[in-house]
Amino acid sequence: MAVKAHRVGMEVSIAVSHAVQLARAEAIAAYPITPQTHIVEHLSSLVANGDLEAEFVNVESEHSAMSACIGMSATGARTYTATSSQGLALMNEILFIASAMRLPVVMTVANRALSGPLSIWNDHGDIMAARDIGWIQIFVENGQEAFDHSIMAFKIAEHYKVLLPTIINLDGFILSHVVEAMEFLDQETVDSFLPAYHPRFSLDPKHPVTMGAFAMPEVYTEVKMSHQMALVNSYERIQKVWDEFGDLTGRRYKPVESYRTKGAKVLLLTMGCLSEVAEEAVDQMRDAGLAVGLLKLRLWRPFPFEALRAAVGGTELLVVIDRALSLGGAAGPVLAEVRSAFYPMASRPQIVGYVIGLGGRDIPPETFKEVVAQAQAEAQQGPTAEYHIFGVRG
Amino acid sequence: MSKPIDQYTWQELEVGIILPPGTAREYDTGDWRSQHPVWTKSRCIRCGVCWTVCPEGAIVEEPGGYFDKNHYCKGCGICVKECVTGCISMVPEEE
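Chains as they are written, first to last, in this note's numbering: chain A, 1 to 394; chain B, 1 to 95.
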């Protein structure tokens, strides 16, 4: 099918709100928080101006935003929200309920550090504190990916075999607020890709059902198991939706993406928009004759264990980059997951972890080059720590 | 529910645990209590105060005009405290 697309230059946040408009979101409840604000502000304008036929509920907090989203999604409406940092933390208890009730809410998280100290700048501390909420969690790298995944997320979340809320992680400011060139799809193409949402059950006085009932000890474990299996099994559907979108647009996405990994002895592993900086660093290191490649982890939940092992292959050294701390713990959240993925393997790479870019600390390509050099030295001499916080003074 | 809840496997549960309405009726909350109210019917003036204050809606009006408990009473004793004539008293549950 011939796709009608047009190229635009636009702030990424505004592009996300247009993607949500093209996806024909029917219900939005959101509370503004930096750096998510432009997304919901623009959606609010689209609704107010009659350009998007949706209910926009102004709420008094993120706790209420997610509660309203659950109610609206339960009525069968295609539901969207966005938040960041403290807002994600405030809606925390409701996040678990949305996923346990299997309501396909789609949410953009403009990733930002958690207080304290108060910081409005980018890292992944907010989403990593909400790691275990039972949602599908995807990371995007640039404006085009943010646009594409904002549409695809609805198709994944609402599939009758998935029915799970989905988060698209978008780095705050360093991605959300930049102006980029993107290829937009037209309404007809999006409509052909994304059918309307018709849940089997919804809140309807004519056909009453009980949703969100409590569970006695006799059945709580079984409920959690069904949720766990739904999230694990969503993997296949996620890839199918991404493939279908790839057939339509030529833009293909995978749970773990490889960049110049052929013949690499060292692999960096990154998430989010720092992957583009890491690509630049890999290019420079390759030019200098170093066999370094890059893995980009797009899908965080469900965690792509098999795809990661396949992508790492026989590489000797894997350098894992975290953008969040697990204070007092074994490692940053990504490093802990990656180590777990390889622990049962008879043959596995050496794995060294670095935490970088906390609270908006700038990461130029040189950082990745220094990290690789330090990791290689550590791989030869043996580990000096469970993991390293790179560039910390003192 | 077509069978007792402790016999369901995880595969048999409806996605999102969606149930028919009104299933809370099947749950006998009265088995939590350690004591229950007993009415001295001759002293009941049928004012309905106990019916009004019962947090569980466990007190019902019966054809004779007085009020009695059912199996959703958790034994909180508010009806005893509020009864105008003092015709209700709490009695310990027996094995």
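Any given hint could be a false lead.
[What the hints assert, rightly or not] From the structure, some residues in chain A lie toward chain B, with a derived Cβ separation under 10 Å:
{"hint": "1", "residue": "Ala100"}
{"hint": "2", "residue": "Tyr160"}
{"hint": "3", "residue": "Pro208"}
{"hint": "4", "residue": "Gly212"}
{"hint": "5", "residue": "Glu218"}
{"hint": "6", "residue": "Val223"}
{"hint": "7", "residue": "Met225"}
{"hint": "8", "residue": "Ala230"}
{"hint": "9", "residue": "Leu231"}
{"hint": "10", "residue": "Val232"}
{"hint": "11", "residue": "Leu308"}
{"hint": "12", "residue": "Ala310"}
[As the list claims (entries may be wrong)] List time: in silico DSSO-like cross-link candidates among lysine-lysine, alpha-carbon distance up to 30 Å:
{"hint": "13", "chain 1": "A", "residue 1": "Lys161", "chain 2": "B", "residue 2": "Lys3"}
{"hint": "14", "chain 1": "B", "residue 1": "Lys3", "chain 2": "A", "residue 2": "Lys224"}
{"hint": "15", "chain 1": "A", "residue 1": "Lys262", "chain 2": "A", "residue 2": "Lys369"}
{"hint": "16", "chain 1": "A", "residue 1": "Lys206", "chain 2": "B", "residue 2": "Lys41"}
{"hint": "17", "chain 1": "A", "residue 1": "Lys254", "chain 2": "A", "residue 2": "Lys240"}
{"hint": "18", "chain 1": "B", "residue 1": "Lys41", "chain 2": "B", "residue 2": "Lys3"}
{"hint": "19", "chain 1": "A", "residue 1": "Lys161", "chain 2": "A", "residue 2": "Lys262"}
{"hint": "20", "chain 1": "A", "residue 1": "Lys161", "chain 2": "A", "residue 2": "Lys206"}
{"hint": "21", "chain 1": "A", "residue 1": "Lys265", "chain 2": "A", "residue 2": "Lys254"}
To be clear, the hints were calculated from the coordinates, so they are not data collected in a lab.
Just so you know, even glycine gets a beta-carbon here, dropped at the ideal spot from N, CA and C.
Hints violated by the structure (listed by number, smallest first): Of the numbered hints given earlier, those the structure breaks are 9, 10, 11, 12, 16, 18, 19, listed in rising order.
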